[in-house]
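K.L.:
Residue numbers (the working numbering), protein chains in the order written: chain A, 1 to 348; chain B, 1 to 348; chain C, 1 to 348; chain D, 1 to 348.
Each hint should be verified, as a subset may be incorrect.
With a straight-line cut-off of 25 Å between C-alpha atoms, the simulated DMTMM-like cross-links for lysine to aspartate or glutamate are [to be verified]:
no.	chain 1	residue 1	chain 2	residue 2
1	A	274	D	41
2	C	274	A	256
3	C	274	C	263
If you anchor each label on the Cβ, the simulated ranges turn out as follows [as the list claims (entries may be wrong)]:
no.	chain 1	residue 1	chain 2	residue 2	range
4	C	344	A	138	55 to 63 Å
5	D	119	C	129	29 to 37 Å
6	C	123	B	14	54 to 62 Å
7	C	123	D	91	53 to 61 Å
8	B	61	C	51	46 to 54 Å
9	A	138	B	216	29 to 37 Å
10	C	54	D	344	45 to 53 Å
11	C	54	B	13	32 to 40 Å
For the record, the hints were derived by calculation from the structure and aren't laboratory data. Cβ atoms here follow ideal geometry from the backbone N, Cα and C, with glycine treated the same way.
Number of protein chains: 4
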Amino acid sequence: MTRSLLQHLVGDAEFEALFTDEAEIAAILEFEAALAAAEVEAGLVPEAAAGAIGTVISSFHPDRADLSDGVARDGVVVPALVRQLRAALGEHGAWLHVGATSQDAIDTGLMLRLARAISLIEQRLTSLEDALGQLGERFGALTMMAHTRMQRALPIPVSGKLSAWTEPLARARRTLGLLRPRLLVIQLGGPVGSRAELGERADLVARRLAERLDLGLATPWHTERDPIGEFGAVLSLITGALGKLGADVALLSQNEVATIAIEGGGGSSAMAHKSNPVNAELLVTLARFNAGQLGLLHQALVHEYERSGSAWTLEWLVLPQMVVATGASLRIAAALIGQISFQSDKPQ
Amino acid sequence: MTRSLLQHLVGDAEFEALFTDEAEIAAILEFEAALAAAEVEAGLVPEAAAGAIGTVISSFHPDRADLSDGVARDGVVVPALVRQLRAALGEHGAWLHVGATSQDAIDTGLMLRLARAISLIEQRLTSLEDALGQLGERFGALTMMAHTRMQRALPIPVSGKLSAWTEPLARARRTLGLLRPRLLVIQLGGPVGSRAELGERADLVARRLAERLDLGLATPWHTERDPIGEFGAVLSLITGALGKLGADVALLSQNEVATIAIEGGGGSSAMAHKSNPVNAELLVTLARFNAGQLGLLHQALVHEYERSGSAWTLEWLVLPQMVVATGASLRIAAALIGQISFQSDKPQ
Amino acid sequence: MTRSLLQHLVGDAEFEALFTDEAEIAAILEFEAALAAAEVEAGLVPEAAAGAIGTVISSFHPDRADLSDGVARDGVVVPALVRQLRAALGEHGAWLHVGATSQDAIDTGLMLRLARAISLIEQRLTSLEDALGQLGERFGALTMMAHTRMQRALPIPVSGKLSAWTEPLARARRTLGLLRPRLLVIQLGGPVGSRAELGERADLVARRLAERLDLGLATPWHTERDPIGEFGAVLSLITGALGKLGADVALLSQNEVATIAIEGGGGSSAMAHKSNPVNAELLVTLARFNAGQLGLLHQALVHEYERSGSAWTLEWLVLPQMVVATGASLRIAAALIGQISFQSDKPQ
Amino acid sequence: MTRSLLQHLVGDAEFEALFTDEAEIAAILEFEAALAAAEVEAGLVPEAAAGAIGTVISSFHPDRADLSDGVARDGVVVPALVRQLRAALGEHGAWLHVGATSQDAIDTGLMLRLARAISLIEQRLTSLEDALGQLGERFGALTMMAHTRMQRALPIPVSGKLSAWTEPLARARRTLGLLRPRLLVIQLGGPVGSRAELGERADLVARRLAERLDLGLATPWHTERDPIGEFGAVLSLITGALGKLGADVALLSQNEVATIAIEGGGGSSAMAHKSNPVNAELLVTLARFNAGQLGLLHQALVHEYERSGSAWTLEWLVLPQMVVATGASLRIAAALIGQISFQSDKPQ
């Protein structure tokens, strides 16, 4: 995958990798294999069929052009993908995707990838809090001038500034930890979310599926997107906290204020003397970006009937961007923290 | 207070009352009285002064015109209000607002009012879940046609539809319960958020203040608005869930679909035969409204320096509207649930 | 009407007056009187009836409680208002609101008020451009330090800064002038937007109605809200331009930068030495506010069927706020321009 | 360029091609070559140097890895790109980018690509209006049931419905035509937007540059993003109008309503009998997407100082997505119009 210049600036390779077609298809295939295996345990699918499904999936290379046509026609990739898989499975084909619908595969696949995203976010938050702690050890005892409403106010210790940067990150990390088990659950509802196609074994299949995928158990939630809306809010809280940090660094590193020095700022094509607080500015950009996307993600809460193509597709357009922006913001903040130093006691 | 026609449509009197000038000033006065009393306990303010402050505040009628001028000049009402109070207090005036800043009074005052708002929201959520439960008792065993992507799909029990409406509300109620103690805390930081003006008794004052106001304790959070951003998200999750309910009712009560009948729908000035699903439509309106406002509320996470007049004022413009919209949505949903009935087994 | 403290800060009395219930009802009554008169000219209504309608309307005091109940039930105020008027009209009652629907009255009434709003905006833009021109005469020849990406760059003349503030305002004024005739048109469609109820005289009635109300002529546009979306964009362009101006003033008046001095800044309840750039900050607030509302106003473009209660009500919640915020921004900018002075040639 | 599955669904290949790295770099190179040539005419650059610049640019293959590093460090690609070009130019290197800054190259490059985008949009709008006209010829005389507030109202001619779909598109096309010359202008300001580096020949260079690039002339507008904000609004008016069309088609093609039949709807992985109005739903998705992005694009109007890295980068994140979404919406609408037919006179 070639990454664009803009991705090098405000993206993040690890997070982008979670939202490629390859990652999405792999996650859907993982769902289908686990579903067949769970249905063997529930006595709904023959063991040989599940074995064949596992084997075919382990080395499956989809016909991409056919998938592209399929998604453009059907609005989701699953019908075409299931068709291709069934063709590859021959006689076992009918045992694939039993009792499931496209949304089961796609939503569960999303959760498999969000699990990885959340782990990455948590790691980066922890690292960042550590880095801020180290900054505190170096500079916390210094005094700096506080500003309120853009005017010089009174001196504060640098440790106070660092606390104001760190506390919201720590809170977001804890909120994310609380949300994790409620968010990362399987989707298994069948065509209209009733699990009717799986009969009385439905809940057993769901339990086994959740175990195999290391996801939580949940009743079908095709139209209940509130955990996703809540997740988006946490993402925006993180980028918002880092946006505040970035705004502060950009202000405090103004030549005239000079409370913070930034090593290795960005260069200009026209002014050789400039050292621009690029990373600080980008944190503000990503905060505003995610805030706006959050407003859109919550528009997608309004699902009509038992499945809304409109609202669901809107979620696809918005959520991955928010996750990547959050990863990028954490990456950039780490770089920025490594660049800055507070200058010796100016106010006194 | 005269309520506008629009407030009668999409507002809620109980929630609006929390955001009047009277309510805001009363909450600020409650803060100032409790602060003085707490400072007595910490030995920072003479008992007689705190007594005088309590007495003056208990019957204080501010000069509204002077407050209006003050807020337009200072950007916050507190400087003018403190000036008026000090004039009324005479010799005791200097003991008012000791070690505090405008933001301490306003943010703590907001929390006093949000405590009431959250209680109201929780009560209404519980009532609504009950009402949906009763609807389930009456109609849950019926069968209705499910629709996916706007097309007839397969039959489902009405109980499934009611679960999809109820579960997000129950989750939002639990999330709100978890957020409550983290959100409803005092603000006490002094001019630059360091509590320096209160010296070594600062934390004691904070503790006593929190006890008196029945709020939680917190380090100063002038620029850390993440709990407010998180609260806004819960509000939008509630209105989003009700927006989905409203969208469903509007669709299912179309004359051609007729799965739901609405008693007492709205009338038309031109078509006497119409019975419009006004309440259902309003739930969609309020969902979209709050979703958009949430995007703005998170823009206000980016505070510059130790206090941002820009970001803070933006919060004032957005948050009260979101709380009232949530209250209105809950009120309207309760009315709508009382109006609807599911029609007998159409799909079979 | 009592104005709230927040309205004294970020509102504007002249613009708020356009969106009171009184103003809305007066505009609806103006529509109904003009419609009856136009229908006399088209031979659809007896002259005596139109005379009675004009007389009753000229001194009509609606029963407000009944209107409040009506709007809450019907979703629009017009059915209740028409009922009250017809009761007052007795035998002539049937000649009121002939061939019209609620939306005709409300949308046309809105246009009557937006005509006034646009005139006010244009006047204030012109005044502001003049004030900026005078600032240029006083300070334009001075040199100031330009900053790019938050760092000192190279000197520029103050006139360059003033041009960057003025040009977008002048462009917005011209855009508004171009939009005015396309926006300010009558709405007359009848219940389903076909004018069928007025028969072959429909276009004549429309023409006469437009002439009487000094509005443009248009085919029915019940669900075509694009001119309103376009108007909202111009409002946000104005507040955005003033937000840029405010951001610059707040930055340039930092104590450390001191390129701009602000006379009469806001005071603090805790720091007597502060002079806060309150007006500059508010311009940023209002820019961000209107930008976010614009995103919501465009959500309201998606009207379903021939009239969407959901989308239309969303417009009511958003558009008036945007107009008032624009008026407030222009008012505050005028005050700010009167407060600032550029300091003598610092960079050289 | 490999297009993702999501791009096959809600993207558009022709529009995506305008926003690749290749397209951006090509446009920047076109700017640099034209600038050098214009500066020859103004006597600022030797003819031989401009010739060399043209030659080198015509076959230049940038070192992509170095550009990626550069953009991540400098926040813009131009410094690294100019460095590479100067290395390739040897002795002529100093004559490249004379008097220009990164923003001149990037903004002008954007305009070169928006010129193409606008032409494409205009073509597609015209085609769509034609297709709607043909639909009118086939079905306009039929009668259909109008619905207001989601309820059956009264019959209307199909031609009325088609007018309501077509008129906003025609208006957006005209608005775009009026905006075109104001939007599509060169950017040439030099490091701080004063053109000071080009001395008294600055305006001559600007004129020649504009002629060579077939763009309009404008004073430097580094921080004046209002024409871009206005363009974004027109994009959202287009997708909003098509979102209304999509919402109508999705509603009218409900099995129970059946006023519209859609040929070749999308299939389901679980319900073989479904024919989903995928294209209609996507139009709603893209309308809501662009509306939300518009709110963000207007947040980017608030540029601080003479160049805001934060606000400018936000524009980069939002505007290309809006243009592509608009192209996709037009593509999908054309497909949908080709799929639908109105059913014979149901209401009578």
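K.L.:
Which of the numbered hints above does this structure break?
P.N.:
Per hint list: 1, 4, 6 violated.
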